[in-house]
Amino acid sequence: MPDSIREQIVQAFATRISADRAVQLDGSSDLPARAVWDASESAERLQYGRLRLTMDLNVGFMDKVDRGINQSAQGNTMLAELINDALSSDPTLGGLCEQINYSDSVIDYPESGQSEIAVLAAFQIVYEIDGASPYTQ
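Position one of the sequence shown corresponds to residue 1294 (the working numbering), numbered consecutively onward.
It should be emphasised that the hints constitute simulated quantities derived from the structure, not laboratory data.
Be careful, since some hints might not be right.
Pair ranges (Cβ atoms, derived) [stated by the list, open to error]: (1) W1330 - E1391: 16 to 26 Å; (2) L1344 - Y1402: 35 to 45 Å; (3) T1429 - V1358: 15 to 25 Å; (4) R1338 - S1405: 45 to 55 Å; (5) L1339 - S1365: 37 to 47 Å; (6) Y1395 - D1313: 12 to 22 Å; (7) A1336 - P1403: 31 to 41 Å; (8) P1295 - K1357: 35 to 45 Å; (9) S1333 - D1423: 38 to 48 Å.
For each residue, glycine too, the CB sits at the ideal point set by N, CA and C.
Using the sequences provided together with the hints, build the complete structure.
Next comes the structure, spelled out in structure tokens:
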């Protein structure tokens, strides 16, 4: 059976931002590393039996702290790189979706004794499917 439209979108987005899927990032990871988790999704019924779906994708980006620069500057640079990778090219992922939206983020600064910094960002992907099948648009 072919992959659902949702699965195709998650695959394409993960490839675009160079992220593994549904893995936990920690200090033992080969850093820098990114991970994406496809979480919730909401649906809106359109005319002619179509559905407009909004899928939430959460992305983690972890790296070793660079003690040579300010941690805020490092976190902001990581966030900017992630947003740029997600949004700077084709906003439809090759026609799979209508748009990709960046919605929010948190920079997780290291506590005393830790050597990793992480950025957590959320993106929303809007796409449509045939209301009768998650495999067709």
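Going down the list of hints, with the structure as the test:
no.: 1; hint: W1330 - E1391: 16 to 26 Å; verdict: holds, 21 Å
no.: 2; hint: L1344 - Y1402: 35 to 45 Å; verdict: holds, 40 Å
no.: 3; hint: T1429 - V1358: 15 to 25 Å; verdict: violated, 47 Å
no.: 4; hint: R1338 - S1405: 45 to 55 Å; verdict: holds, 51 Å
no.: 5; hint: L1339 - S1365: 37 to 47 Å; verdict: holds, 43 Å
no.: 6; hint: Y1395 - D1313: 12 to 22 Å; verdict: holds, 20 Å
no.: 7; hint: A1336 - P1403: 31 to 41 Å; verdict: holds, 39 Å
no.: 8; hint: P1295 - K1357: 35 to 45 Å; verdict: holds, 40 Å
no.: 9; hint: S1333 - D1423: 38 to 48 Å; verdict: violated, 21 Å
The structure is inconsistent with the numbered hints 3 and 9, although it conforms to all the rest.
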